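Peer 1: Per UniProt numbering, the very first residue in the sequence shown carries number 1; after that it's consecutive.
Since the hints were made in silico from the structure, they are not lab data.
Some hints could be false.
Stated by the list, open to error - Simulated restraints, written as ranges between beta carbons of each label pair:
#: 1; residue 1: 312; residue 2: 155; range: 16 to 22 angstroms
#: 2; residue 1: 165; residue 2: 260; range: 21 to 27 angstroms
#: 3; residue 1: 191; residue 2: 276; range: 32 to 38 angstroms
#: 4; residue 1: 78; residue 2: 193; range: 45 to 51 angstroms
#: 5; residue 1: 380; residue 2: 17; range: 19 to 25 angstroms
#: 6; residue 1: 191; residue 2: 358; range: 40 to 46 angstroms
#: 7; residue 1: 191; residue 2: 16; range: 46 to 52 angstroms
#: 8; residue 1: 59; residue 2: 267; range: 29 to 35 angstroms
#: 9; residue 1: 269; residue 2: 165; range: 32 to 38 angstroms
#: 10; residue 1: 187; residue 2: 61; range: 24 to 30 angstroms
As the structure is a prediction and not an experimental result, all values here were calculated from the model.
Using N, Cα and C, we set each Cβ at its ideal position, and we do this for glycine too.
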Amino acid sequence: MPWNNNIKVFVTYATSGTEIASLELDPCQSAQDIQQEIFRLTGAPAYRQRLLFESDVLDPRRRLQDLGFTKELRLTLIVQDILWLATTSVDGGVKIWDANTGEQIQSLGGHQSGVRHACFSSDGCTLLTAARDCTAKIWNTLTGEPVEIFKGHTNAVYTAVFSEDGYLVLTASYDGTARLWYVLTGECIKTFSGHNDGVVSAIFAHDGLSILTASVDRSAKIWDLQTAECVQTLTRPRGEVIVSVFSTPVQNWALSTLQEGTAKLWNIKTQQCVHTLKGHHTYITSATLSPDANWLLTASWDRSVKLWSLTQKKNRKCAKTFQGHGNGVVSAEFSSDMSHIVTAASDGATKIWNVQSGECVRTLKGHGAVVNHAAFAPSQGANPRG
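Input sequences plus hints: build the corresponding full structure.
Peer 2: This is the structure we're talking about:
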């Protein structure tokens with residue numbers, strides 16, 4: 001029988017003393033490996049966890065063998081009531097903030113030009129960024145270190161998102177393609193080619209079998225994930241721009257915008273307009289579907305963000321307007337529980353808003369130029385105060 005030199009790790013809550021986990025781990029594994037397992041067991045994102053060894057907080061990079069124990073290790077867990085968000089900017093910077101206090105947690109410098117988009121992994125351990133330097137990168141949010149870089153696009157990468165299981169990354173680029181990457185190796189395993197201009201959005205469809213893309217060529221496409229072949233195209237006439245695509249268990253949508261501010265939500269399969277939304281005064285820059293698919297957020301160069309109900313059959317009026325930026329708003333995103341939204345604008349500011357009251361509860365400033373995107377980390381119950 002081979003010798004087993006694994007370390008038995010016991011984790012208990014600091015408040016109640018209740019045991020959360022009993023793990024057998026290799027001595028070369030780190031504290032972050034324990035945090036990821038705790039996320040799997042409890043749903044608490046890694047950035048909210050503090051693991052105590054005796055009275056000291058463990059560095060996520062600390063290996064178990066460095067703690068001096070060979071058989072058993074007992075750790076205590078504190079789950080903090082915090083919520084992180086990430087911002088990206090034309091200045092090439094990526095910053096991670098405590099949404100409750102406005103404190104800057106990390107400043108990630110590594111892209112060679114403006115960063116367009118950011119997306120947290122489901123456990124909060126990593127952040128995925130897309131930039132004008134033709135790359136996408138994964139960062140360790142707990143240490144601020146780069147983990148993986150995806151190279152292959154020949155023009156700016158506009159968006160990047162994780163698959164649900166976190167093993168794949170999907171990127172959209174101004175080189176006219178979307179690409180699928182394997183996280184563990186950084187290898188491009190699929191290229192989706194067929195748009196005639198830059199791709200501004202790419203997402204995994206709800207069915208797990210296809211992806212959706214939107215392009216400045218005024219089209220949205222559905223692609224077979226296995227064959228990388230286009231199976232459906234929605235094309236809009238000149239003067240109408242498609243800015244976002246969404247997927248629900250029921251249907252796949254694309255949102256288009258006209259210069260005078262009208263937004264139209266299209267069923268890509270049937271080519272039918274399912275919602276017409278009037279209220280903005282000029283082009284919409286981005287749109288985001290709420291986690292429950294009942295609400296839509298639109299950001300516009302008219303300096304406002306609007307919230308729309310998609311469940312009301314008769315009344316298509318805006319449910320709420322968020323105003324306060326000094327220049328055009330580039331993006332708007334919901335928190336996981338939909339209690340707050342975060343907006344990024346060309347005035348260099350990021351704002352956090354209470355959805356119910358419509359009031360701005362915090363303004364974050366730290367970038368030296370336009371803030372392109374802001375996104376909340378997964379929260380599991382932590383809300384920005386206010």
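Peer 1: State for each hint whether it applies.
Peer 2: Hint-by-hint comparison with the structure:
Checking the proposed 16 to 22 angstroms range against residue 312 and residue 155 shows it is violated: the Cβ atoms sit about 40 angstroms from each other. A hinted range of 21 to 27 angstroms is violated for the C-beta pair residue 165 and residue 260, which are about 42 angstroms apart. The beta-carbon spacing between residue 191 and residue 276, approximately 35 angstroms, falls within the hinted interval of 32 to 38 angstroms. At about 49 angstroms, the CB distance of residue 78 to residue 193 agrees with the hint of 45 to 51 angstroms.
Look at residue 380 against residue 17: about 22 angstroms separates their beta carbons, and that is inside 19 to 25 angstroms. In this structure the hint that residue 191 and residue 358 lie 40 to 46 angstroms apart at CB holds, the actual value being about 43 angstroms. Separated by about 51 angstroms at the C-beta atoms, residue 191 and residue 16 satisfy the suggested range of 46 to 52 angstroms. Between residue 59 and residue 267, the C-beta spacing of about 50 angstroms breaks the proposed range 29 to 35 angstroms.
The beta-carbon spacing between residue 269 and residue 165, approximately 26 angstroms, falls outside the hinted interval of 32 to 38 angstroms. As the Cβ distance of residue 187 to residue 61 is approximately 25 angstroms, the hint placing it in 24 to 30 angstroms holds.
The structure fails to meet hints 1, 2, 8, 9 from the earlier list, while all remaining hints are met.
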